[in-house]
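S.K.: What follows is the residue order along each chain.
Protein chains: 4
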Amino acid sequence: MNTINAEDLVKEKHVVKVGNLAIGGRDLVVIAGPCAIESYDQLLQTATSIKRSGANILRGGAYKPRTSPYSFRGKGEEGLRILKEVKELTGLPVITEVMDARQIENIAEVADMLQIGSRNMQNFTLLTEVGKLKLPVLLKRGLAATIEEWLFAAEYILSEGNDKVVLCERGIRTFETYTRNTLDVVAIPAVKELSGLPVILDPSHGTGKRTLVSPAAMAGIAAGADGLIIEVHPNPEEALSDGPQSLDLEQFEQFMNRLDRVAETFGRSL
Amino acid sequence: MNTINAEDLVKEKHVVKVGNLAIGGRDLVVIAGPCAIESYDQLLQTATSIKRSGANILRGGAYKPRTSPYSFRGKGEEGLRILKEVKELTGLPVITEVMDARQIENIAEVADMLQIGSRNMQNFTLLTEVGKLKLPVLLKRGLAATIEEWLFAAEYILSEGNDKVVLCERGIRTFETYTRNTLDVVAIPAVKELSGLPVILDPSHGTGKRTLVSPAAMAGIAAGADGLIIEVHPNPEEALSDGPQSLDLEQFEQFMNRLDRVAETFGRSL
Amino acid sequence: MNTINAEDLVKEKHVVKVGNLAIGGRDLVVIAGPCAIESYDQLLQTATSIKRSGANILRGGAYKPRTSPYSFRGKGEEGLRILKEVKELTGLPVITEVMDARQIENIAEVADMLQIGSRNMQNFTLLTEVGKLKLPVLLKRGLAATIEEWLFAAEYILSEGNDKVVLCERGIRTFETYTRNTLDVVAIPAVKELSGLPVILDPSHGTGKRTLVSPAAMAGIAAGADGLIIEVHPNPEEALSDGPQSLDLEQFEQFMNRLDRVAETFGRSL
Amino acid sequence: MNTINAEDLVKEKHVVKVGNLAIGGRDLVVIAGPCAIESYDQLLQTATSIKRSGANILRGGAYKPRTSPYSFRGKGEEGLRILKEVKELTGLPVITEVMDARQIENIAEVADMLQIGSRNMQNFTLLTEVGKLKLPVLLKRGLAATIEEWLFAAEYILSEGNDKVVLCERGIRTFETYTRNTLDVVAIPAVKELSGLPVILDPSHGTGKRTLVSPAAMAGIAAGADGLIIEVHPNPEEALSDGPQSLDLEQFEQFMNRLDRVAETFGRSL
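Chains A, B, C and D are the protein sequences, given in the same order. Note that this note's numbering has the first sequence beginning at 1, numbered continuously upward. Note that this note's numbering has the second sequence beginning at 1, numbered continuously upward. Note that this note's numbering has the third sequence beginning at 1, numbered continuously upward. Note that this note's numbering has the fourth sequence beginning at 1, numbered continuously upward.
Honestly, the hints are just simulated from the structure, not real lab data.
Each computed DSBU-like pair below joins lysine-lysine, with the alpha-carbon atoms no more than 30 Å apart:
no.	chain 1	residue 1	chain 2	residue 2
1	B	LYS13	B	LYS132
2	D	LYS17	D	LYS84
3	A	LYS132	D	LYS132
4	C	LYS209	D	LYS13
5	B	LYS209	A	LYS13
6	A	LYS209	B	LYS11
7	B	LYS132	B	LYS87
8	B	LYS51	B	LYS209
9	A	LYS209	B	LYS13
10	C	LYS17	C	LYS51
11	B	LYS209	A	LYS11
12	C	LYS13	D	LYS209
13	D	LYS209	C	LYS11
14	C	LYS84	C	LYS17
15	B	LYS132	C	LYS132
16	C	LYS209	D	LYS11
17	C	LYS51	C	LYS13
18	C	LYS134	C	LYS87
19	A	LYS132	A	LYS17
Please read all numbers here as calculations on a predicted model, not as lab measurements.
So here's chain A without its partners, still in its complex pose (with noise of 0.2 Å):
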């Protein structure tokens, strides 16, 4: 086991603001909406629905990495009003991924959180670009990444002065093939111990399974996250992208009853 030269990494405690919410204090924020904004009437209906369960933020993919240059790529600008649109109606903060310094600027007259992806975790001139800005970042670990190079990657955006930064763990790649990653719920309590910032689990993404949603995301609880960041959608059998690892609005409402009863023994509330 190696430790972590750590005399660089900030260690005062964060708490980030993202509109009237804060990350990292009392309150758990559940942040929830589909992969990708596929339509307008798919996003407000989720919006509307994931407000009534609880849900503090919604989420959103406007540009969406792929694998293959051939698959579905999001909806670029149209989702971005979208996403404005909805926003405005419902009156739930957002977050959306940015994959690019020139996107930024579009984004960011939307978003009240930028989303910096798994596969950018060490795209060092995007962290350095959101590093100027003001907005919140949700900065998600790296397929591959150790948790060192996770703080250090956080470290990028800290030291350009923007000290809004919350960590987000969504698994890392291993052997396993049962689940689409293995979700490291302990690197929870590990970069609490080694930083300062606030720290909400993927509990979808981390599993790839809708049955062991909700189980990842009481762990994650248990271990102390801020927070989560759930895929919910109206109809996952029809979402262009990761549809079985999505929530519908009903399991979701059910998701967020229980949770409910679990952040109190932990000391948080919704």
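Put chains B, C and D on the given structure of chain A with help from the hints.
M.R.: Relative to the frame of chain A, chains B, C and D by itself:
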């Protein structure tokens, strides 16, 4: 992602009796004790204390698998004698590791449950031999074993007629070196949806770090584990093996108090 | 990167004698034959053909470690009898796997070299038992064994007095699924700089694909391997195990012709 | 083992021209030079020497991706100026890494070939941008990229119209820590059977250890690589990055002599 060809796997829910205890029912079972039996005093002091704190089963290794032949490999038969005396004095059922079919007879005279360690998860002749007994078996997942391989290893025991198999998730080997292993917490609900066997979690080997044992354990309970196996030593700094991941007696007592509150939230009792 | 605490490791160069052969000297040694002994005809046909093609040692499993207890697990003692007859008829020395200390006596009557399989690399009681013999041992690297653990497993045999240990690199388990394992070709020069033991390569298990066996084997020789172990079957499509990675008799003959030219370039002979 | 859904992949054999050189034909191509451009003298001395030893292309990083923002991140534009001068003086074509679409214009004025580093293998906007150029691109495999993901990353470039793509195997991340990465030598013939793209090997990053560079390189040639990329530094002990894996000028000369003999055996020339 693969789907597992699970048609050969045992499906009906198993509750495994160890003495008066039942693993896989409503009650959580906590196994605690030192990695290795070092002396009569060490084991008795530990056993007395963990019993008072609420542990159900005493663990202690007499035969220790060690990477190097030049490391401390356990006290062997003397260790078994100590284990027997401490068992009789405290009334705690005991579990200890069996590494070789030829040790089974001696160990079975003392142990209430046999442990098959990670390195022997695919020692098929050993699995076959313990399959011929009536004793409960704790089958640890191999360092690089897929969930499928782990369940088929259990099937080696079950197919010989011994249906008292309890699975133990103890972390898998990945690229991450901050923790000793990567605890695959999601494997707990995964094996539960694939088989009917009880599962317990080993947060000590799974993390390798004392400070991470408690959050990892709580995560396991939240994910549906039927129990825990925890390394406890009266003086971890002087332990002959696994000191850095062992709780001391007071830390274990505090841990059990916290566990009590958490168990209830998840519909379990201690 | 870690440095290995190698002070306990054997350093002097070992050349291991198997009958008239020497593994670790100038001559490359080629072990070939079927994964499992299926019948007298299958083994005799294979042995006769590989001998003509230039192979030095016949392999054939009588006891097979299989993930599922319901798979073909070898012909056991009948397999040993077949192996003995074919050995006498062809004059080829033979190697076969030992999975249990209690099998050693019977196997040692037939085998010129014992194989410890990957799953048993840390079966320390088995290592200790073969350490008490005079027979050469082929020690396969475990699926998830570090180089350090592999060398210490060898040390279990060496420290008992048997210095006839040959290492076998056969691929490690990684996230890549296109090949059955990831062949760690660089481990060959690595163990050579850390120890004095001969190393051979298993490109059959290392790749899992017939088409990749030859390039993998040539890579191994280029990296300094002292020999190869290759799965050959008269009719791979009907093999009871490992068919997709087995060469047929003609493919093996062609392979040996190519190997002959390559060996010379690297200062080796067949 | 999975089979790759390869119907979308380019199949016809590609030979990629870089100046007068052809990568993927009979001639092996050797790229050599320092990890980072540190000074005019350092680069000129290296370039002059490696040219005399037979290298075909000069490498040198101006923009360096580094885990920590506080490490040396390259000399940037000054590095490019040095690279340009040394290229003109020596006549060697040059390759350097591009990390951001906004750097492409400046880099393309100097470079004969662009390198996409491991961390950017799935930086899809960068892949798309270099796909719009006519310049050859060396696409390094990501640390945890499957062969399938690597080939689809190439497809991002190819599908934009740039068919000058050369793949580079540089090791994957595994549990093994003795080497910096695990060089997946078998990936060379694997991508050759799946696509028509040339492949070169990076034994420097693949091993992380000077002593292992030569055997790893020879293994790569034996497995069918079309060339090599090697880190060379006039004074590795004082290198600002990657010193332990860099050959010095004399070691590189000896290496090229050995390579010459090996190439012929495998039907290649230098």
